[in-house]
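Asks: Each chain, written out:
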Amino acid sequence: MIFPGPAEYLLTVAVAFLVAALSTPLFRAIARRYGILDYPTHHRKIHARPTPYLGGLAFFTAYLVVLIESIWRRPELIAPVHYPLAVLGAVIILLGLADDIFNLSGAPKLMVELLVGGILYHWAVGEQGLAKPLHAIIDLGPLAPVIASVWVAGVMNAINFTDGLDGLAAGLVAIAAAMLLVVGIVNQQPATCLVMATLLGSTLGFLLYNFHPATIFMGDAGALFLGFMLGGATLVEQQKGAAVVALIVPVITIALPIADTLLSFLRRLRRAREGRFFHPDREHLHHRLLALGLDQRRAVLIMYAFSLLMGLLAILAGILPGRLKPGVPFAAAGFTAAAVIWLHRLEQRKRAEKQEPPAQDNRP
Amino acid sequence: MPNQTPLQSAERSSPIRQLIAAWGTVFLLFVLFNLLWWPAEYRRLAADPERFPEQVKVLIQSGKREEAIRMLEEGLSRFHPPAPEPWNAYAGLVQGSAKVQASLRAGWHSWRLQRGGVESLLELTRKTCRVWPCCGWHPESGDMVSELSRLWRTTLDLPDSVSLETRDLIALAWLSGGRTSCNGVIGATGFQADESLIVWSPGADQRSGVLMAAGKTLYTDARRGMHVALLRPGLDHPAPEFLHFDFWSGEETAARFVQCLRSVPTGTFALFAVTMDSRLNFTDEDEACLMEFGIPGEAWENGQLVSFGLRHAFCAIGVRGAPPGSAMAAWSPHVWRGIPGHPVCCIVIPEHQP
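In order, the protein sequence lines correspond to chains A and B.
Quick note on the working numbering: the first sequence kicks off at 1 and runs consecutively.
Quick note on the working numbering: the second sequence kicks off at 1 and runs consecutively.
Here chain B stands alone, though its shape is the one from the complex (with noise of 0.2 Å):
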């Protein structure tokens, strides 16, 4: 009929053509944006900062070996990924340069990573020595060497059998990004230790603890939270306070360790370890008493103490009084894809040993 209404000729369509006018609305139009979309999320992929390694691999395939070495770099230190293959590519392109002590810890992470066997880490350990003063270390206590040994060993998923000599655990703490100190002074604090520090904290995993030891004194804990070990120089060999604050059973810990940490004299020597997790209930004015003690304030990230992170690994041996960042620390912080940090150490060894 020449005068029927829009309306009334449309009430004619069948349900079935109804659907298929709609739905095909609706597929034209995803059609037409995924058209326009994967251009661009390509283009965007492709300068994604976390593909770095398939950039690099056609910088090298261009030939651009500095411009490769230049991205890994910022790449690595950057996401820490959590895949070999980046790591090995590193090690492999600095190797023989004088950047010797980088490929090292690289050619570390890359047998970390793909969980290389006991030779190519005990070689690696060797060539660390080579280059590496503080091998030779002879520590106080044997216990001591056991248990460092043993926590290696668990975390590293190193047989039993597998003997790590001290030269190794030394290597070891360096390799992991750790920091060594072979003439006693503690970091840029200006401050000597006459007997070794050693403080090792494991992160996430939960097969081992932090290890915490002073001269002979050995401290081992595997309890959640914040380990706090107090020596006083000075006096004659004084017993260390260890300390341990679980800031994840409440607020009232984040006050107690502010309190605990301010009432200690200047120039006291502090060693921090974390075991799993010390970040819930971390107040602005832990972070400033911690600070207190020189640690470092790259430790923050975006208002965020990322040592103390979920599931990272943080240990510091600071001094009462020092300037921030003055203090020795390390930490595993970054989580690339869902990955946690690996175990991390510091050891400060007296100036009297070679």
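If we strip away everything but chain A, and leave its shape as in the complex, we get (with noise of 0.2 Å):
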């Protein structure tokens, strides 16, 4: 097959621009009309007046409507794994709404997430088997299917988590799609690039309606299914003729969101003896951001830098040849592990100026 050039999935990321952002203001109406509502009746809840939900079903419509304008105009851009991805998304959506609605518990959540996880493995990676990335192909065996449902249900959960201030989520995935579709231009990967052009243009699309102030939410649904998207475009490539899962750079890509999940597991195992594990809390990173006394524009605009500055690894991580790439994933941890360090000494320094009692001035 002849590899698609970047002028076609520029076409895909109009499109899903498009649907978008046309699309999302009737979203927004039917969830008015019907109360799908966000209100900030709890203390984790930054917004200050209800606002709808059904944001997810714009990047959902323009998942569809790309998928059939590429089918009609030029069906040789469709891979195997971009009709599962939309029955299984469907599946996510419907997951999702009913979170929103409900507020269901995160156990549950959890389950159907591996479940369908599991279910993409078989359908549309199978007999293809799981590989790993830098050269160094590791046979997985019957831990591949397990392997390949905690990381989607991991990227789900990793997106899910920072969707709480107004644009974090949908731009930090637009940075991830958009660092990814360089790299599989590079890489010349047909399938991640549809998914991945479909979720630049969608989610720059919903920024428009979503970008502080927000007059739309994409709840659990589109947080859910931007992340399933996410893992499961990234879950199987084919590479030099045998299916790999090149995880590494959507790793990196996404580094922000998974150190924010690995933070708020490490929590959560704290909560556990308690009884509490399920049990959201207000410490995730942009609700420290946030304490420390920055706006929500700003909050938002810093952890974007520093998902760009991923991302630049990751492509780094993409085109390096193989012997060079070990020392990208080294670096992305590095840098992670000091922005973390950084928040938490400015929290502590923000605690030390609350506690000081105020100077006394002694002079006669």
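Since the hints were made in silico from the structure, they are not lab data.
Among the clues, some could well be false.
To be verified - Pair ranges (Cβ atoms, derived): (1) B:E50 to A:G5: 16 to 26 Å; (2) A:G5 to B:D284: 48 to 58 Å; (3) A:V186 to B:S14: 44 to 54 Å.
As the list claims (entries may be wrong) - With the Cβ distance kept under 8 Å, some of the chain B side facing chain A (calculated, not the full set): (4) P15; (5) R17; (6) Q18; (7) L19; (8) A21; (9) F30; (10) F33; (11) L36; (12) E41.
What the hints assert, rightly or not - Covered, in the sense of this in silico footprint (three residues per stretch, anywhere, with C-beta under 8 Å from a C-beta of chain B), are these stretches of chain A: (13) 54-64; (14) 69-81; (15) 97-110.
Just so we're clear, the structure is a prediction, and the values are computed from it rather than from any experiment.
Even glycine gets a Cβ: it sits at the ideal position worked out from N, Cα and C.
Now that you have both chains on their own, put them together as the hints suggest.
Replies: Spelled out as structure tokens, the structure:
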């Protein structure tokens, strides 16, 4: 197959952008009509007014329209993984909508997410097997579907956790998708490119309404769907005749949500003794940035900047020759650790400032 | 109340109603998507080159026999389908025509894929020998014949009681896409062997290893990787040097491969055979080095040396200094829907033999 040029994917970005930009007001109206709103009733909520959900449907619609447009105009753009992503993406959207309306508990949600990840593996990856990047091919044997579903569910939750400020999750996904699109074009990965171009276009279109002050939220439906697409599309790609999972590049690209998820997981483990593992808290990175006194817009932009840096590292990981690749994940891990430590120090300083009594003027 | 805002009126909607509205929207979108998707998908699948067997059936039904043959030839060479039907269809269509050799080879693939009986295989080798002149070969070593016979029996799942004669071995080498020379000339290198040269690669079949033979000297090895036999003609029956390179073991193997092969003088004969896999760590330098032995450039596909791909069979007989493409090489590189290739064999029979 001849790899379609970058112009082809720019067109996909444009189509997805237009669909998301045009459909978001429609879904906002439906959400308002039926009262599918996020009320600022909980201490974790940052917003002040009830805000419509259903923004996630814009991403889903954009993906479906892009698939239809591609299969009719240029069928060779379509890869076997695209239809399963649409079907299972619909399941994830349904799950997310139920969560937005009924506020489901974490455990059954996680079960469904893992199950969907497993189904995607068997449907779209199957016997092609799983391997590791950085030239070291590892036969994961029966562990492959488990690792695949943990990866997909993990990315879904990572994106969901970051959906706490106006424009944050959509912006982070837009940055990640842009970077993965570049890597996909360089490495000629058509399946990934179409999905990433759609994610990039649809998140940018959605950000017109979701950037601070947001008039619509993507909700769990949108965040889970974005995570599913990001995790699912990176799960399988034909490389050099063998299907491989090059997870390092997406891991670096979404290092920020992943770091946030890991920190959240550690906090939850501490709470697990009290039986509150699945209880959310207000300790996510964006909450902590706000606690430092930043406004929403600044906190979001700082996180965008960090994600952009990680994305550039991911591009390096995607295009560097084999022997240099291993250095990139270490650099990314180093930057992430440094950022978390820097944040921790700022918090300590802030706490110390609060506790310090006002200085007395002892001059005569 | 007439002055209610939309948000206020919406607050009264029950969660079930909200869920029905939200899920209903998704359902509607998804149904619409499928209504538009499937007609295009069916059209795409119908035109998919991998679906050529179905397209051939339509052509045959509509009496377009020549077009069907052309489509089959293109499809078979491009996809190496693991199902016997298209091979069978092609063998049937060209039977009795000038394409008798193509018909025999297609018949062999059909036999291999449907795991046919011994009798039908022997019938095929007999038919081959009627049109293929090399079958009159008298090898120097009886051990080599029995060993090659054992390897074919094992990989083709034939019972031990089956006796494959020399002519069957030659016919099998040719039928499976291997290269055979009846006049001692090694491909188009211009060099001539004065003793029989045989090289056999099992590909992914772990039940057997490679076989290499030069006259009476026999070498078999089941270790993973690339096996090389170096022979220096002109000397009075020198003992071949056998080398083994497991490219999986590390990048230093790739460097050693180049070092060893570049150190041999021009005109040295080299036999190459792969067991399991020999692609990992295989460098551009290794590739260039192989081409210096006349290995054909077609062995590469999209920059990858498909011949040494994961679980692919490859064997070759080349000469140091021969132009690329002039050596005798055979490989079964194409994986089609998860099925690896089949064993391949190259044989050079010296000129003084019939």
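Asks: Which constraints among the numbered hints does this structure fail? Numbers only, ascending.
Replies: Result: hint 2 breaks, nothing else.
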